[in-house]
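Assemble the complex: chain A is given as a structure, and chains B, C and D must be docked to it using the hints.
Chains as they are written, first to last, in this note's numbering: chain A, 514 to 943; chain B, 514 to 943; chain C, 514 to 943; chain D, 514 to 943.
If you are wondering where the hints come from, they were derived from the structure by calculation, not from laboratory data. One thing to keep in mind: the hints can contain errors.
[Claimed, not checked] Covered, in the sense of this in silico footprint (three residues per stretch, anywhere, with C-beta under 8 angstroms from a C-beta of chain B), are these stretches of chain A:
#	segment
1	628-640
2	764-778
3	785-797
Beta carbons are placed, not taken as given, at the ideal position from N, Cα and C, and that holds for glycine.
There are 4 protein chains.
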Amino acid sequence: MTSDMIDFSTIFDRRESAVRSYCRGMPAMFQSASGSELKDADGRSWIDFLAGCSSLNYGHNDPDMKAALIDHIAGDGIAHGLDLHTGAKGSFLAAFERHILAPRDMDHRVMFTGPTGANAVEAAMKIARKVTGRTNIIAFTNGFHGVTAGALAATGNSYHRGGAGMMLNGVTRMPYDGYIAGQSDTADYLEAMLDDRSSGLDAPAAIILETVQGEGGLNVARPEWVRRIAKLAKKHGALLIIDDIQAGCGRCGTFFSFEEMGVTPDIVTMAKSLSGFGLPMALVLVRPEYDVFEPAEHNGTFRGNTHAFVTARVAIEKFWADETFQNELTQKSDLIHDALSDLAALIPGAKLKGRGLMQGVDVGSGKLAGDICARAYEKGLVIETSGNEDQVVKVLAPLTTSPETFGQGFDILLEAARETLTETTNIAAE
Amino acid sequence: MTSDMIDFSTIFDRRESAVRSYCRGMPAMFQSASGSELKDADGRSWIDFLAGCSSLNYGHNDPDMKAALIDHIAGDGIAHGLDLHTGAKGSFLAAFERHILAPRDMDHRVMFTGPTGANAVEAAMKIARKVTGRTNIIAFTNGFHGVTAGALAATGNSYHRGGAGMMLNGVTRMPYDGYIAGQSDTADYLEAMLDDRSSGLDAPAAIILETVQGEGGLNVARPEWVRRIAKLAKKHGALLIIDDIQAGCGRCGTFFSFEEMGVTPDIVTMAKSLSGFGLPMALVLVRPEYDVFEPAEHNGTFRGNTHAFVTARVAIEKFWADETFQNELTQKSDLIHDALSDLAALIPGAKLKGRGLMQGVDVGSGKLAGDICARAYEKGLVIETSGNEDQVVKVLAPLTTSPETFGQGFDILLEAARETLTETTNIAAE
Amino acid sequence: MTSDMIDFSTIFDRRESAVRSYCRGMPAMFQSASGSELKDADGRSWIDFLAGCSSLNYGHNDPDMKAALIDHIAGDGIAHGLDLHTGAKGSFLAAFERHILAPRDMDHRVMFTGPTGANAVEAAMKIARKVTGRTNIIAFTNGFHGVTAGALAATGNSYHRGGAGMMLNGVTRMPYDGYIAGQSDTADYLEAMLDDRSSGLDAPAAIILETVQGEGGLNVARPEWVRRIAKLAKKHGALLIIDDIQAGCGRCGTFFSFEEMGVTPDIVTMAKSLSGFGLPMALVLVRPEYDVFEPAEHNGTFRGNTHAFVTARVAIEKFWADETFQNELTQKSDLIHDALSDLAALIPGAKLKGRGLMQGVDVGSGKLAGDICARAYEKGLVIETSGNEDQVVKVLAPLTTSPETFGQGFDILLEAARETLTETTNIAAE
Amino acid sequence: MTSDMIDFSTIFDRRESAVRSYCRGMPAMFQSASGSELKDADGRSWIDFLAGCSSLNYGHNDPDMKAALIDHIAGDGIAHGLDLHTGAKGSFLAAFERHILAPRDMDHRVMFTGPTGANAVEAAMKIARKVTGRTNIIAFTNGFHGVTAGALAATGNSYHRGGAGMMLNGVTRMPYDGYIAGQSDTADYLEAMLDDRSSGLDAPAAIILETVQGEGGLNVARPEWVRRIAKLAKKHGALLIIDDIQAGCGRCGTFFSFEEMGVTPDIVTMAKSLSGFGLPMALVLVRPEYDVFEPAEHNGTFRGNTHAFVTARVAIEKFWADETFQNELTQKSDLIHDALSDLAALIPGAKLKGRGLMQGVDVGSGKLAGDICARAYEKGLVIETSGNEDQVVKVLAPLTTSPETFGQGFDILLEAARETLTETTNIAAE
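Excised from the complex, chain A in its bound form:
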């Protein structure tokens, strides 16, 4: 190590781009991590309710993945394999077929894209356009699908969209399920516009949606709404793309977020927790009849991140070979729901959001949510906000977090909330 040479107090300020973000509110120098615990260079530790924004669903440095990865590296296993056949890729594919696809009756093909969620979304959008010969893709309010130009067109957030510096084309925006509380089904509106040949809604290549909008504020689509959207897509010759990058890999209580909804998407995008270990990896699942790319028509240097194949294979075999893990998730989901109900009860007007292990509380203002998370960080809990006004305190703990650790985390969170509210009240009273 050369840390003796580095002035750690200034290197980031001196050299890292101003685009950096999480480190501003959580300025510790993180060094190691295990399970649901993060440690900094000084040995201070935090419970992790962020989990790399759902990229560490199985916790940090899972011992089995870690062992397999070290074995692989020590044995000079391929690290970078382009899209060549490697044993590691073959093993991953076989495990993914056996434990994920086959039991769910999915005959989808697996496309390894550049290892970012945005790249998977870009590939999915391209496939849909190629299959249909159409350009328009329907996306929803508050959706988040990445920040490269194609994916960004589908992302709702104006802060990110503004970063493009140009018009973002090819996407039509529709209201997500329940967009205006108390109003009728937003699918009515989509249906009316699709059926009306003078609506100005161009015939869609695809409809892309998240079943739970992670960045958008943990908005949940009802299964009947998703089914209706799926039916509309089919009727109008559009592909249904479910972006399961944040909500998939068990986050909603099942491997795919849509499993219990009675729909089979034409395309699924996955990334984040796919490698199990936090390593960059992404894929697109596509029905065989829509697997239309010619060789390398969509490519990318790192589409064969072999280290990730190794850990991803272990993750699938360890957690998804039987129902044990999934059953635990149901219990944890309830645990989270109860704890967050307690939190919500503290705050007038607060609303529970999300489902599964992707729940949170809309506390009504981004300021309050931010203050609660900042105070939690000081007390040893890493947790973040989401939503269009950052008004939702969002729990994205590793799915492997033990009930005890959940308890400790929630104790911190509630204490942080109480203190924040007291202080706010005191300030208001002065």
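Below, chains B, C and D without anything else, positioned relative to chain A:
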């Protein structure tokens, strides 16, 4: 390992997308690799003159990087760090500042993007548009910058462009240096159009170029042309972006491909060999005055691939702390030039292309180049083509390849060429 | 005349593009016209309930305009004046100021564009984008604004949109007032998306709307909805553009269609009946603070169609100098409403549409509406359909049509409807 | 007339948009015109070397067209006919077929578009995209094709392009013939890029060009260049569109500007002088096999400007029924060339530009050209500049201008030039 459960002969056909490419011509099941050697599951070995398309400039599984990475993993080092401060990132930044930026008088900021080259290019284009408030970006014939929608607009290849399924906007195409042999400087044309307010060339946000076009066929820009482009960019208020994803990290004989050209780009994009180990990593270097993104305005889950920071730091310290490595590259460049001259001498009309360790031979047809590479593969050499007709046999060996291994590789290549030519002649004679 | 040389039976088939349309259902060779009457070469006559799609609001060949125009031509008055000052233009401007703008407290500037409605819309959209520095323009379902690329992006009709052969950008579509019967105010949805910074609705440069959608099927916006849209535009920094090309010039009972709504648009587009005589003329009214085009920044050869200025001046002075004409329109509106109620009563499920002298009946199917119009044509009435399925029989008679002629026209229309329905019933009964 | 009510000194300032342009340098109140003479309200007269920017090729108020038009109006002829059959349209079509199309072996269909050149260009571009299923259209440096969004994308002028307020898509720019003096044929570059599948030039739907660039500065394409472009278009499956809006209708000495070049365009756009009288009229000529629009797929209220059909028919019959007129044009072209040579001789570095009756002198600076034209105006000659820096003094006199009037006009022009030069020299000498 679960390989006993897998029918390796069919898993890829059964489940991997038809988009897979390299594995079609090189169908071995690769298993391990070291230095410039690749091995398959049956123990057969190949010399690697592809190096993950220049992503493995220091060879496979460099022992020092390997040791550091295993140490890191074994010690539960952070694997996935979002954009939090980590020791691994701090160490990388410090090494990069000390050995790369400072000695070259570059005060650029380092932006870690999603870990693919395309993502770095997308970020660079967005920065230029944000800085200038302009949309148009000038790119060149035969340029390759990635296949996500923003980057793809700058990529010349119609095969990749066609994959978009939509109009690609925001980029104007200009002829690269020497585009039409024997004609006057293509920069004349760019200058005339920039100076002419009725040319229809919208004021550019940036000019993006590769100093050597790797995918485009190893076309080399003359230093004086690059300087002239840099001057035109400055005069017309555009940023100069050098895409050093394939040509950088020593590939041209110096760390950056443009070092000896007398230009300092406003923005540099890097990826491929940046991590040193083949792990996904990308960054954008940007002059401080253009480091204009707000926090997380451009983001991405895997922008903190900490494993890559670990190996990248070792790569910088091991190879770029002094001049030793760079000096060796000069000699290897000559060696490659000599060997390829021998190859070119076999083929009427063949032309040497490229520079540094990024050289090749334009053999006049994609068919011939492909046949030579296929035969080389059979004889134990992994090598690929590039160019708009795939007509260039391209040597992208690890920079660390020993002279002996180079010799063996070139022996195979020349033999493959001779046999291919003989067979072709025989067929023609029949 | 050279008609002796022409084979009139085939010249159109032989030489006119297949794009021709109205002449297919109304194949007569029209020769002359006066007031509300059209005559063909054989002396057959029709009552005109189409009025050049509302371009002949004062009837054909109004005697006062005709006299003024002949005087002008006979006296070698300027025919084509670019944007030079001409007496004819000055006189028109003065009359327009005195009788139209000043009494309505509108200090708008008058921009003469190329003499088509589409050109006025293109100019309006460009102004809004220039004023705001934004690109996005909000348009509504079933809106029709022209078929040139900029305007076509705002037009809803997929048949016209498909003619573009390319992606149409820069416009977001929202549901028009009452888009889904029985559902809540569509402005709620627009408001929610404008207020939500993650909705994906980019900040708008303008909101463009027709108060009655002529081509879209005589859909009428309620005044309170228009006021709410106007307020939302103002709140969010967008300009309000009212496209009064078809609904203006008295068609809705007042000179502008929006007069009694309590809104003053930032921009108004006018064309069709503006010249009064059916001559090509278009203009954009723009608030002085938004009159931002530099000299000739938007131009066009025929923006000074001086013949049209002559007749347009007469039209303003003859019909809008006092309230007489407007008062007659109120009575005629009632007359039309009563007659169309009789028509609607014949057809189960039929609905009255529109307002003022822009009313019709939605007969439930394009087939039925087309059959009624075809039969009316055979009986001496020129009338057309509109709507997304062409399901609305639309009355667009000259505003100057006498009650007697209205009576004759409606007699024909009802007879045509009765016969069509009888025949349809008979066919169904067989 | 109501001029007594108008304060003519201020009505334009008070009410006309700031976009007005020609009237700024030529502020007279024009009232009447005949042949090549313009008169203002005070009886002052000017020789017209502008001719409505080539919209008045047969002069103002041609007596035969005038008589026919007055007859038509007096007889209650149709003024506005949508796209119905009218006698006037039939007669025009027959004359156009007989005297223009048939003798030139052109079997093109005639599409009447909205009566502006921009609208014809928009329609032409849409046809090419529909025919080919491609989007990209190749246009040239310094081309001018209109300012509506679709056409503006093909227009080179940055002043006009900037007015769009948005990215203009769907067009690739190439250098016009002789773009850089002394360099090799610009068609080489177009050919290379079309042949190169990695050039980034998307397969074109069409190539659009003017044979003489009127607004662009009277740049002339050589016949052999046009032939080569035509060949490239054919080879690459693109339609050749010749925009003959300014250069057609005899302006270059023959009816079409391309007649003697050995090419037959797939599409021709016409407007400006088509009606012969300065009335708004435009059309698209399209080969029958490309006449692919469905009925009304491209439409427009004023596509049946019947007054224009009347005068256009007379223009065709009077001037193009035999060779007399065309022969005169050859002589006038020489006359203009001689006079402009005299002008050019006065100014060091001046260059003759253009051909036929579309000639001018590049005087080297926009300031000088503007000063000469301003002084000419004061002396009784209306004349304008063109070019990317407005550096070309452009003669666009009516084609019917007599040699005597040409003489008088050129006398004024030369005197204006001499005085301007003297004054400039004096100022410089002070």
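Output the numbers, in ascending order, of every earlier hint that fails for this structure.
Hint 2 alone not satisfied by this model.
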